[in-house]
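With chain Z fixed as given, assemble chains L and R onto it according to the hints.
Residue numbers (my numbering), protein chains in the order written: chain Z, 1 to 266; chain L, 267 to 541; chain R, 542 to 820.
No lab work stands behind these hints, which were simulated from the structure alone. Even for Gly, the Cβ is constructed at its ideal location relative to N, Cα and C. Check the hints yourself; a few may be wrong.
Said to hold, decoys possible - Cβ-Cβ distance ranges computed for the label pairs, FRET-style: (1) L:Leu381 <-> Z:Ser19: 30 to 36 Å; (2) Z:Ala105 <-> R:Gln701: 22 to 28 Å; (3) L:Leu381 <-> Z:Glu79: 50 to 56 Å; (4) R:Gln701 <-> Z:His156: 19 to 25 Å; (5) Z:His13 <-> L:Asp461: 33 to 39 Å; (6) L:Gly411 <-> Z:Lys259: 29 to 35 Å; (7) L:Arg412 <-> Z:Gln239: 56 to 62 Å; (8) L:Glu347 <-> Z:Lys259: 43 to 49 Å; (9) L:Ser504 <-> Z:Gln244: 35 to 41 Å; (10) Z:Ser19 <-> L:Leu319: 55 to 61 Å; (11) Z:Ser10 <-> L:Asp461: 40 to 46 Å; (12) R:Gln701 <-> Z:Arg263: 44 to 50 Å; (13) L:Gly411 <-> R:Ile559: 55 to 61 Å; (14) R:Asp658 <-> Z:Lys205: 31 to 37 Å.
Stated by the list, open to error - Result set (DSSO-like, lysine-lysine): computed pairs, CA atoms no more than 30 Å apart in a straight line: (15) R:Lys704 <-> L:Lys374; (16) R:Lys556 <-> Z:Lys112; (17) R:Lys556 <-> Z:Lys80; (18) R:Lys647 <-> Z:Lys51; (19) R:Lys716 <-> Z:Lys201; (20) Z:Lys112 <-> R:Lys705; (21) Z:Lys80 <-> R:Lys582.
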Amino acid sequence: MTTDELFSLSGVHFQYQKSLPTLVDINFALHTGVNLGIVGESGSGKSTILKLLLGLLTPSSGEVRFIGESLNAKNRKQEKVLRRKVQVIFQDPYSSLDPSQKVGALVAEPLKSLGLVDEQAELSSASDKKEWTREQVESALNSVDLPSDTQSRFPHQFSGGQRQRIAIARAIVANPQVLLADEPVSSLDVTSRELILELLKDLQKSRGLTIAVVSHDLSTIAALCQETLVLQGGKVIEQGSTRQILSNPTTEYTTSLMKAIPRLPR
Amino acid sequence: MTLLKVENLSVYSPSGELLVDEINFSLDKGSRIGLVGESGSGKTLTGLSILGLLPPSLRATGSVQIKDQSERWIDVLTTSESALNQIRGSLVTAVFQDPLPSLDPLMKVGRQLALPISRHQGIRGKEVSAAVEEALLSVKISQPGRVARSFPFEISGGERQRVAIAMALACDPSLLIADEPTTSLDVQVQAEVLDLLDEIVEKRNMSLVFISHDLAVVSKIVGEVLVLQKGRTVENGSVGSLLSNPINPYSRELVASARRLDALLDSSFEFGDER
Amino acid sequence: MTQPLVQSVKENLNKRLIFGSIIVGFIIVAGLTSIFWTPYKIDDTSGLRLEPSSLSHLLGTDKLGRDLLSRTMSGALVAVEVGFFAVLIGLVLGLTIGILAGYAQKKSDDAISSTLDILIAFPTLLLAMLVVTARGQSLASAIISIGIGISIIVARLTRQLTKKILATDFALAAKLSGTSRIRVVFLHILPNIWHTILVAVALQFGLAGLAEASLSYLGLGAPPPSASWGSLLQEAQSTIYTSPISAIAPGLSLVVLVIGVNLLADGLRIRFDPQSRQR
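For reference, chain Z alone in the conformation it holds in the complex (with noise of 0.2 Å):
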């Protein structure tokens, strides 16, 4: 396993103005095929870790490196690089999918925002390139399991668990290496949630996709991450292998976080 760093936080410090700071003295690092949880109640500051490492917010203090070079809002030849490298899975999929558009157009959106399309060499006529787009559109849609005719339907067509997996074909479709996924299974149903989960984890092998996950469900973090980090009140309490952390927890506030999780009687 390579330990590529694709991004590190250090000293990281947030403050939206003028409010209590949100994040305080962040460290740690997204090695290449270590798939990261962040694990952390509302009002934990992991969203604004999110927004952080997506360029949408730059740190008060502190620095943000992606692929070793320090994140600057202002380089948009970085910004470039970052898009297609890094995408996003979002919690809802009813409102992270555009009702007006349909399927092939939403999967098609990266490759033709991101410049993919204009790149590829071979496809000179205006034909060739939409065929392409297609193919690519409905190999991106079989590998999350979904027929090739979900091209031509509208999202609201589509079961939540369903569309989460056309927003995960979305996320893909560009080949990036780095998923940022935010509570990605936490407003699906206990069968579709375990379903998202498994493709999750045979996406990251086939494509060899790094994941980072940020939930406040442990069992999520558990059945998608190697490493987690337990966020309290924007600071980092808890840091090491999943396993280790779930099996012995360290903190006072880690425990009570697994003792409150409900579980089924054996």
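Below, chains L and R alone, put in the same frame as chain Z:
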């Protein structure tokens, strides 16, 4: 003593599609039942039918009968809206997943609670504020003064759900419909709110219909369940036997999924374990 | 299974759209016909003065002996022209300003939206007077001033809708997949807001006709000899007791136009209502 009888309840969509298909169950005073199912199972529509709150475009057949304080049966499906307004709150009440829509955004929490309390208990002035404080304390809000003086958006999600529970209980109802009441809460708050519901229902000898997709949560609070799939009851019985020995193929799948997700949390679980 | 109540409601909704379209369509056809044909030329004074309704003059004649049916038809053309071009100006200006304001952050957004708030309080009549003073009295002046008035309404609505769309996950998803702002406008904003805008401008189409009538009535609209419903009403004022039909014809036309566009806009609104649409 039976409090709620749901007989052959069916709900149709405007286009005639069956959304709830012949559901039957009854509930004694002080007892609890869980409605378990995934989205589209009809569990929420069943809850709304009991409250007489189905959207007007949906049509319900069958009967939903609730026994009122003077031992008369009221059929919710055929009773007029104004008569239902009389029983909602005092006989049957509800707590939903998202408490925000059920709270007036422009009224301070204390005043919102004062209205039903003063009407129900027939009290005024100072007595009301004391009763409001007591109601907030009864749902384990540690700073009733601050919460009473706040607008709904100024308090935390957990506090908001507690306030919604206090509102629901203001008129001493005998039946509570709880529809995914803890789904949008953080785990620790979820655990506290579940404990609170359990304790209140027990103490006031209320009947509870608990609606959820989460078997683990359901098993914490009810003993008997109905498993719904596409509007139909596929299995009913005790939670214990459902979890240990599900009969129907769908409930078997549901239990297996829940078990596998649950097993992820076991310390013996190794990353990369398949199923 | 069918539900009688729901079905009757649905039929009612369609009826509004149908009746509204028929009424507005009738006025548009009458106006367009007047380009090629009217019973008499609109400035033909050969008829008797203030003649009541008869077979040769279905709506009678005015005080100069001109055929009122011809003039009312021609008035319909003025109303339709004003409605169409004013809405066009309103849409182009309003959508542009509204989308820019929707994208604008803090200070520039505040500046644009407070300017719009001030402008919306500015009466169209006053604006029209300014435009007429600047450009001289003409139909185009009336159209420009009404169009600007509509653009402010469209801009405010568009700004609000754009902000709403930009706050959705799918707009963020588009941004994160590298989609440029211009493409986001055409792929995600316009397709999701056009129905709301359409309902608003359908109503404005009729109100533009009404506004032009007010301007013409005050002598700020299309100059003579062009026959606008407003100038017809103004001309009929002195003879309203001797020849009521000369006031009733243009007046009723205006009422019918406003009722028609209201029905149409209402029908469209319900047709596009997200609650009655399938999610």
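Structure-based check of each hint:
Between L:Leu381 and Z:Ser19 the beta carbon distance is about 34 Å. The supplied range of 30 to 36 Å therefore holds. At about 26 Å, the beta-carbon gap between Z:Ala105 and R:Gln701 stays in the expected band of 22 to 28 Å. A hinted range of 50 to 56 Å for the beta carbons of L:Leu381 and Z:Glu79 is consistent with their spacing of about 53 Å. In this structure the supplied range 19 to 25 Å holds for R:Gln701 paired with Z:His156, their Cβ-Cβ distance being about 24 Å.
One distance hint, 33 to 39 Å for the beta-carbon pair Z:His13 and L:Asp461, holds here, with the actual separation near 37 Å. Distance hint check for L:Gly411 and Z:Lys259: the Cβ-Cβ separation is about 30 Å, which falls inside the suggested range of 29 to 35 Å. Taking the beta carbon of each, L:Arg412 and Z:Gln239 are about 35 Å apart, not inside 56 to 62 Å as hinted. For the hinted restraint 43 to 49 Å between L:Glu347 and Z:Lys259, the CB-CB distance of approximately 45 Å keeps it satisfied.
A beta carbon spacing of about 37 Å between L:Ser504 and Z:Gln244 agrees with the range 35 to 41 Å that was offered as a hint. Between Z:Ser19 and L:Leu319 the beta carbons are some 39 Å apart, a value that contradicts the proposed interval 55 to 61 Å. For the hinted restraint 40 to 46 Å between Z:Ser10 and L:Asp461, the CB-CB distance of approximately 41 Å keeps it satisfied. Between R:Gln701 and Z:Arg263 the C-beta distance comes to about 47 Å, which sits within the given range of 44 to 50 Å.
A hinted range of 55 to 61 Å for the beta carbons of L:Gly411 and R:Ile559 is consistent with their spacing of about 59 Å. Roughly 56 Å separates the CB atoms of R:Asp658 and Z:Lys205, a value that falls outside the hinted 31 to 37 Å. At roughly 29 Å between alpha-carbon atoms, R:Lys704 and L:Lys374 fall within 30 Å of each other, so this suggested pair holds. Restraint check for R:Lys556 and Z:Lys112: the C-alpha separation of about 43 Å exceeds 30 Å, so the hint is violated.
A C-alpha spacing of about 52 Å is found between R:Lys556 and Z:Lys80, which places the hinted pair above 30 Å, so the restraint is violated. About 20 Å separates the Cα atoms of R:Lys647 and Z:Lys51, which keeps this hinted pair within 30 Å; it holds. Distance restraint check for R:Lys716 and Z:Lys201: the Cα-Cα separation of roughly 26 Å lies within the 30 Å cut-off, and the hinted pair is therefore satisfied. Taken as a hint, the Z:Lys112 and R:Lys705 pair is honoured in the structure, with Cα atoms around 25 Å apart against an allowance of 30 Å.
Using a Cα cut-off of 30 Å, the hinted pair Z:Lys80 and R:Lys582 is violated, with the two alpha carbons roughly 66 Å apart.
Violated hints, in rising order: 7, 10, 14, 16, 17, 21; the structure is consistent with all others.
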